[in-house]
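The listed protein sequences derive, respectively, from chains A and B. Numbered according to our numbering, the first sequence terminates at residue 184, and the numbering increases by one at each position without gaps. Numbered according to our numbering, the second sequence terminates at residue 999, and the numbering increases by one at each position without gaps.
Rather than coming from a laboratory, the hints here were simulated on the basis of the structure. Computed from a predicted model, the values in this text were never measured in an experiment. We treat Cβ as the ideally placed atom computed from N, Cα and C, and that holds for glycine. Among the clues, some could well be false.
Pulled a few chain B residues facing chain A out of the computed Cβ check, cut under 10 Å [unchecked claim]:
id: 1; residue: Ala862
id: 2; residue: Val893
id: 3; residue: Ile952
id: 4; residue: Thr954
id: 5; residue: Arg955
id: 6; residue: Phe983
id: 7; residue: Met984
id: 8; residue: Phe988
id: 9; residue: Val993
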Amino acid sequence: MQIVVAAIAGLVFGIGLLVSGMADPVKVIGFLDLAGRWDPSLAFVMLGAVGVAAPAFFIARRRVRVWSGAAMRLLVAGAIDGRLIGGSLLFGIGWGIAGFCPGPALVALGVGSLPAVWFSAAMVGGMALQGALERWRAPAPDAAR
Amino acid sequence: MIDYANFTPWRALAGGALIGGAAALLLLGSGRVAGVSSVVGALLRPIPGDIGWRVAFVAGLIAAPLLWRLQGAVPAVRVDVSDALLVLAGLLVGIGTRYGSGCTSGHGVCGVARLSPRSLVATGCFMATGFASAYVLRHVVA
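Next comes chain B alone, as it looks inside the complex:
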């Protein structure tokens, strides 16, 4: 059953278009793929000359809510799991995205946009276990 009270198709499309626009800008302006896990991950063993743009992109992401604040209240960030589960989730996301060479942005947006077979497979995998773990945690063990 669709949750019409929370379904926001126009905001979702508009926000998505901005995300795609940002990926297009980074690609055509800097020649880089906007995959957040790879942008961050490569900073852990930085290569000289390959640091500045990564730090700038991450800083832009973190600064976005600060810019937003100039025109109104920032949307709430709501979390429905314990701190222990947050840490477990963070570890899995960190390890998994580095082994899998990408996350929702690198594979899900950029890779799918260029119809990369690797990214299509990766996106199918993380969507499948995303559905599964969200279900198990909230309906089986809860």
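Chain A with its partners taken away, still in its complex shape:
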């Protein structure tokens, strides 16, 4: 049940990215490049997405379980720290270079875009690198003793 829901959610999410034009990095750059001719479309995508998602998050806040009986897993709030800020700053640099962020890159893979293959492979590599750095800096509690 959860798998079917997730598959449909992924499909609808991907269709949304295609409808909005956000699977096209040049359109995303049209928003991020404020100098020259500016395309405000991305702001309208955020507006539409946040407007529809907000009531769902409002409902979810008071739920412990979902329809299927699965646990509601809203992420635990952490601190606003250097990791959050530094990581987000780095992510933005990469986003502004290529015009791809994770969702659109995966949709572009399905379009058959070769640049999306390079970007996605590097992105997964970067995620793996971050995981390796984390484990190197903070070894498992047993090993630290």
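Guided by the hints, dock chain B onto chain A, whose structure is given.
Frame of chain A; chain B shown alone:
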């Protein structure tokens, strides 16, 4: 100056509403937050019992253009940078989203929708450097 030739407010709003709807469906149907970088990132060190829904969500994203093809031509994916810059960008996005615990979907859509202070800060950060790096690459070094 606004680029009226390429500005598509209605398609942007409609597509955005679908994205928000998908996030709402995943949240209320599976109890999960539709943050693409976290969905993918957690698959690198998979936890038994926590794999299926992630693979299904990613498969849905990748399959969306295939479904689209049934009703017409798929929108073009245009990239204006070299392969070397694409790889650099991918690395930065991969490392940054994992340290920052989210991307445009997890922080920008879901986090902003629930008014999470962390997500509001993260979104401000990646928007700021997104504007900056897009400007530097296309107007300063270009």
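Right, here's what the structure says about each hint:
1. Ala862: Holds, about 8 Å.
2. Val893: 4 Å, holds
3. Ile952: 4 Å, holds
4. Thr954: 5 Å, holds
5. Arg955: Because about 4 Å separates Arg955 (chain B) from the closest Cβ in chain A, which is inside the 10 Å limit, the hint holds.
6. Phe983: Interface hint status for Phe983 (chain B): holds (3 Å vs cutoff 10 Å).
7. Met984: 7 Å, holds
8. Phe988: It holds, given that the least Cβ distance between Phe988 (chain B) and chain A is near 6 Å, below 10 Å.
9. Val993: Interface hint status for Val993 (chain B): holds (8 Å vs cutoff 10 Å).
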